[in-house]
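2 protein chains.
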Amino acid sequence: MTAPKVDLNTINSPADIRRMSIDELNVLAAEMRSALMHKLSAHGGHVGPNLGMIEATIALHYVFNTPVDKIVFDVSHQTYPHKMLTGRMQAFTDPAHYNDVTGFTNPEESPDYDLFSLGHTSTSLALASGLAKARDLVGGKENVVAVIGDASLGGGEAFEGLDYGATLGTNFIVVVNDNDMSIAENHGGIYADLRLLRNTNGTAEPNLFRAFGYGYRYVHYGNSIRHLIKAFQAVKDIHHPVVVHINTMKGLGLPVAEANKEKFHYTAPFDLKTGSSLRQSPAGKEEQDYTDIFANHILDRMKDNPAITVLTAGTPGAVGFPPSRRREAGARFIDVGIAEQMAVGMTSGLAKGGIRPVFAVVSTFLQRAYDQLSQDVAINGQPAVFEVFHTGVFGMNDETHLGFFDIAMISNIPGINFLAPTCRQEFLAMTDWAVRQTAQPVVVRVPGGPVVNNPACRLLADYSEPEYEVVEQGSKVALIGAGNFFYRMKEAAAILKEKGYTPTLINPRCLSALDTRTLDTLRDYDIVITAEDGIVDGGFGQKVAAYLGEAPAKVLTLGLPKKFMNRFRASDVIHQSGLEPQQIADAAEAAMAI
Amino acid sequence: MTAPKVDLNTINSPADIRRMSIDELNVLAAEMRSALMHKLSAHGGHVGPNLGMIEATIALHYVFNTPVDKIVFDVSHQTYPHKMLTGRMQAFTDPAHYNDVTGFTNPEESPDYDLFSLGHTSTSLALASGLAKARDLVGGKENVVAVIGDASLGGGEAFEGLDYGATLGTNFIVVVNDNDMSIAENHGGIYADLRLLRNTNGTAEPNLFRAFGYGYRYVHYGNSIRHLIKAFQAVKDIHHPVVVHINTMKGLGLPVAEANKEKFHYTAPFDLKTGSSLRQSPAGKEEQDYTDIFANHILDRMKDNPAITVLTAGTPGAVGFPPSRRREAGARFIDVGIAEQMAVGMTSGLAKGGIRPVFAVVSTFLQRAYDQLSQDVAINGQPAVFEVFHTGVFGMNDETHLGFFDIAMISNIPGINFLAPTCRQEFLAMTDWAVRQTAQPVVVRVPGGPVVNNPACRLLADYSEPEYEVVEQGSKVALIGAGNFFYRMKEAAAILKEKGYTPTLINPRCLSALDTRTLDTLRDYDIVITAEDGIVDGGFGQKVAAYLGEAPAKVLTLGLPKKFMNRFRASDVIHQSGLEPQQIADAAEAAMAI
Numbered sequence: 000m001t002a003p004k005v006d007l008n009t010i011n012s013p014a015d016i017r018r019m020s021i022d023e024l025n026v027l028a029a030e031m032r033s034a035l036m037h038k039l040s041a042h043g044g045h046v047g048p049n050l051g052m053i054e055a056t057i058a059l060h061y062v063f064n065t066p067v068d069k070i071v072f073d074v075s076h077q078t079y080p081h082k083m084l085t086g087r088m089q090a091f092t093d094p095a096h097y098n099d100v101t102g103f104t105n106p107e108e109s110p111d112y113d114l115f116s117l118g119h120t121s122t123s124l125a126l127a128s129g130l131a132k133a134r135d136l137v138g139g140k141e142n143v144v145a146v147i148g149d150a151s152l153g154g155g156e157a158f159e160g161l162d163y164g165a166t167l168g169t170n171f172i173v174v175v176n177d178n179d180m181s182i183a184e185n186h187g188g189i190y191a192d193l194r195l196l197r198n199t200n201g202t203a204e205p206n207l208f209r210a211f212g213y214g215y216r217y218v219h220y221g222n223s224i225r226h227l228i229k230a231f232q233a234v235k236d237i238h239h240p241v242v243v244h245i246n247t248m249k250g251l252g253l254p255v256a257e258a259n260k261e262k263f264h265y266t267a268p269f270d271l272k273t274g275s276s277l278r279q280s281p282a283g284k285e286e287q288d289y290t291d292i293f294a295n296h297i298l299d300r301m302k303d304n305p306a307i308t309v310l311t312a313g314t315p316g317a318v319g320f321p322p323s324r325r326r327e328a329g330a331r332f333i334d335v336g337i338a339e340q341m342a343v344g345m346t347s348g349l350a351k352g353g354i355r356p357v358f359a360v361v362s363t364f365l366q367r368a369y370d371q372l373s374q375d376v377a378i379n380g381q382p383a384v385f386e387v388f389h390t391g392v393f394g395m396n397d398e399t400h401l402g403f404f405d406i407a408m409i410s411n412i413p414g415i416n417f418l419a420p421t422c423r424q425e426f427l428a429m430t431d432w433a434v435r436q437t438a439q440p441v442v443v444r445v446p447g448g449p450v451v452n453n454p455a456c457r458l459l460a461d462y463s464e465p466e467y468e469v470v471e472q473g474s475k476v477a478l479i480g481a482g483n484f485f486y487r488m489k490e491a492a493a494i495l496k497e498k499g500y501t502p503t504l505i506n507p508r509c510l511s512a513l514d515t516r517t518l519d520t521l522r523d524y525d526i527v528i529t530a531e532d533g534i535v536d537g538g539f540g541q542k543v544a545a546y547l548g549e550a551p552a553k554v555l556t557l558g559l560p561k562k563f564m565n566r567f568r569a570s571d572v573i574h575q576s577g578l579e580p581q582q583i584a585d586a587a588e589a590a591m592a593i
Numbered sequence: 000m001t002a003p004k005v006d007l008n009t010i011n012s013p014a015d016i017r018r019m020s021i022d023e024l025n026v027l028a029a030e031m032r033s034a035l036m037h038k039l040s041a042h043g044g045h046v047g048p049n050l051g052m053i054e055a056t057i058a059l060h061y062v063f064n065t066p067v068d069k070i071v072f073d074v075s076h077q078t079y080p081h082k083m084l085t086g087r088m089q090a091f092t093d094p095a096h097y098n099d100v101t102g103f104t105n106p107e108e109s110p111d112y113d114l115f116s117l118g119h120t121s122t123s124l125a126l127a128s129g130l131a132k133a134r135d136l137v138g139g140k141e142n143v144v145a146v147i148g149d150a151s152l153g154g155g156e157a158f159e160g161l162d163y164g165a166t167l168g169t170n171f172i173v174v175v176n177d178n179d180m181s182i183a184e185n186h187g188g189i190y191a192d193l194r195l196l197r198n199t200n201g202t203a204e205p206n207l208f209r210a211f212g213y214g215y216r217y218v219h220y221g222n223s224i225r226h227l228i229k230a231f232q233a234v235k236d237i238h239h240p241v242v243v244h245i246n247t248m249k250g251l252g253l254p255v256a257e258a259n260k261e262k263f264h265y266t267a268p269f270d271l272k273t274g275s276s277l278r279q280s281p282a283g284k285e286e287q288d289y290t291d292i293f294a295n296h297i298l299d300r301m302k303d304n305p306a307i308t309v310l311t312a313g314t315p316g317a318v319g320f321p322p323s324r325r326r327e328a329g330a331r332f333i334d335v336g337i338a339e340q341m342a343v344g345m346t347s348g349l350a351k352g353g354i355r356p357v358f359a360v361v362s363t364f365l366q367r368a369y370d371q372l373s374q375d376v377a378i379n380g381q382p383a384v385f386e387v388f389h390t391g392v393f394g395m396n397d398e399t400h401l402g403f404f405d406i407a408m409i410s411n412i413p414g415i416n417f418l419a420p421t422c423r424q425e426f427l428a429m430t431d432w433a434v435r436q437t438a439q440p441v442v443v444r445v446p447g448g449p450v451v452n453n454p455a456c457r458l459l460a461d462y463s464e465p466e467y468e469v470v471e472q473g474s475k476v477a478l479i480g481a482g483n484f485f486y487r488m489k490e491a492a493a494i495l496k497e498k499g500y501t502p503t504l505i506n507p508r509c510l511s512a513l514d515t516r517t518l519d520t521l522r523d524y525d526i527v528i529t530a531e532d533g534i535v536d537g538g539f540g541q542k543v544a545a546y547l548g549e550a551p552a553k554v555l556t557l558g559l560p561k562k563f564m565n566r567f568r569a570s571d572v573i574h575q576s577g578l579e580p581q582q583i584a585d586a587a588e589a590a591m592a593i
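Just so you know, the sequences run in chain order A and B. Quick note on numbering that gives the first Met the number 0: the first sequence kicks off at 0 and runs consecutively. Quick note on numbering that gives the first Met the number 0: the second sequence kicks off at 0 and runs consecutively.
Calculated from the structure, these hints are not laboratory results. Treat the hints with caution; some may be incorrect.
Copies of the same chain look alike in the list, so a pair counts if it fits in one copy or across any two.
The calculated lysine-lysine pairs, modelled on DSBU-like cross-linking and capped at a C-alpha distance of 35 Å, are [said to hold, decoys possible]: (1) K489 to K562; (2) K475 to K562; (3) K140 to K302; (4) K302 to K262.
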């Protein structure tokens, strides 16, 4: 008997795999794994989550009648196998088409099989609860399946969804993909219970899922198509909420990824054999970006100040804290798991207890803790410090991970001092002050884009009150550039100076309050232009425009559009937004000519 | 033997009760209950939560060495007994001092005993985790206690806190005050488990708290000081996280409150014997406010459109859905419990499944679902409908419950159409359109203040694009009043007309996008004034000011200050913000004179 063969390029939809034998499905899995490894090593992407979910994805589409039956994948960074089986195989087998798909489910790619565009964790249970309730209200019969990883389960919306979903009383199937890992290690009491369940073949009490009110099935061989099919068939068309807890291996099939799960959660292109990155580090540069600069600096400060404690919420590597630095910080490094609400609330308690908490967080994920910033921290005036990374147009460029909404979100919460450093020197000075002072909550917006060294930047010993840096004093035209966009303004000023103008160039330093003394000096200018690396709406420039609303000076507010953009090039957005230095200079000149 | 006597006015601090016998403590509880009932019936407030927690509060302060030991009360609307025992007794025994205290813990009232100002649910575990971790880092020995109700436990931040807190590995005591009620009934799978635990004297499995990793004690007689003291003494100075699950009776001692827990969760002054409200309803007025108007109208629409489904998140009564209306809506009314993230995520799933979801929510609580509005709903363009109640300066006036941040929060999220009706007629027209259309998410900002009937309001059949209503066409001065503040502008216009001016009066209808066609007609005006019932920062007026920033017209943006205010009078804030019609007219006149 010869082994069955499967040609990936003949798989156009799940119907094509429902005709296969288990042996063929196993070959399919092997072929998919091989294709995925080649694409991932050449192209980068989410390695571990996808290699671990190949078998489960095959089994789901084999058992459930998709797209009539509905599957919502939490965070959806594990949906490369799903995309391969639902009409997008070429994007994984043909290098010329690698960029045809995004890294997340996307209804524009597949209206039938991708139900939602999503990329933040912990949303699947709420979304699927809505689908299930809608089905019940309209009299449908389809299965509704939510697939959620063990790490995503620790987010507040997931718990709320787990809690509410249990009450649906009808078909609601939750597949818990348990690979015993978050991006880094998991943190939370539930993980001891998941481990207990894994170690007892799902038989132990307490059982978290039963405590929430679910029926429960455990699949120890979560990378065995045969076992998975059996389990999914057993719950298909079930009339009550049930959890299928599957034990999978993150990175399965790629030894370097199995051995180093954190590094291979998401990675740039790498050598398939050695696992080493194919991207060269700049020679002699130990500190490549602001995450390294931050981490090294704060670790240094922690040596002198035993009160400083760093927190992260599930993304330590993305903010400069890989395992080595976490070990260095010891007990004064806290990762709470994917639980930003908890992290922000905890900073308030830590500060109240005499600790100087520094929560390092990715801009888009801080969105999950808006109310905690307001209620837990700001109302209480607790001097917690927040370092917001991956901000602006140079941050991530998936529509679900945009880093340019934080100015509008944070700068309008009372009582928070929101600082926008322009360069490395100012970033460190503001961070040092924020940690030193104990009067107010401070958010430091880590600059986007490449690191800028600017020894000429005038630093302050105290950033508690807004005080703009007038870098160049001129007349008639003022250019106010916040954060990393300051340097666009500086370049625009140079262009204008060549033309004989004498622009005033300002670094505002602060996004949450106005330096009205300095702004008053601009009242009779011809034109004041602001630029910020965030959406214009609700941002810094609009505050300036309103303040100068009754003054003779014209005001032009530049920034990014209020829009969800996907897979854009930063340079395109900057051009379309009139943010190139030449465009800014032209706008200034045009305004003065009127 | 005579019964012991306790004079409440001799209780100045917890030390005073630690000398008492159990019999004396029981008398103390009775005296406190009597005083509370008198104050609550005369003054209004949170009735049920406080009457149920008298004994537990006494036992906590008796056993734990407060203020060295630290207690964080979740949501803190159950802390009247705590205030009585911590130096604020007179505010509960002397009617002349009833207003000396707020309804929530407040460090300004008691820096030692009130650790945080808080009023949103589900925050205590995160805050207390921070206190406990800080204690461990600085080498302290005190107990850290979080007191949280069964309803608050269902919020995302509470679950995250429960999850993380379990990993602390040191003293962390969670008292779960289980009265089997939210404001209304509880919703969620965990409540079946809590019931099971109550019915088995805490012995059953599955046990939610053990599943999260906690030690566990159950106190069946949660209103027995003797039983409570025994339980708290058993966990005092414990070296690991533990839950003490106490079974209490909401509203204990007041028969009308015991019998009608939802109505007596929070109430205006009432007759102690009958429970009937002491506030008169206006004669012949069935619909007293916008919550009634909304509920009656949407119930009517639901008769014709079987897809309409109303959601609430734990506060059905506050948005017009007391039990009678919930029964009327049947399966098409969904309360998810105190879980706004879940509710917002679910609306997206419901809309995707063909339902027309309408989430009715209190402004301040929608803050907990900022990221879900952005990610689950707006990115996906799902046509969910949100009705935001208790907005603006006329909404609630506790610093933790302010309703004037929602414009800055919502209007800067891409893809959401945020409408601000000015009157009853427009409110209903916008709601009808929002439910009818299926192209986009729509938020309707329910007007604050008394209901305004304005049959002259020009309604639209389609609100998808911003289109301002030019109510009066004039020249030189334009008054743009959003939502309920439109009428301030109308009054200001009348004053200006008496003085011979001809103001243009505009209702902008939409807060999230500009009607640039109409705004362009104002470019050469002398002055354009905007007014909105929300903070100026990040709001509507600043968008107008920025848009007209290069136009000759001066722009003045009026609105509320970016500030947490506590127990303010709306009229004071309006005056201080220059929002009285006469002030607005004066400002317009002054601007034109320059």
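Task: Violated hints - listed by number, lowest first - done: Every hint satisfied by this model.
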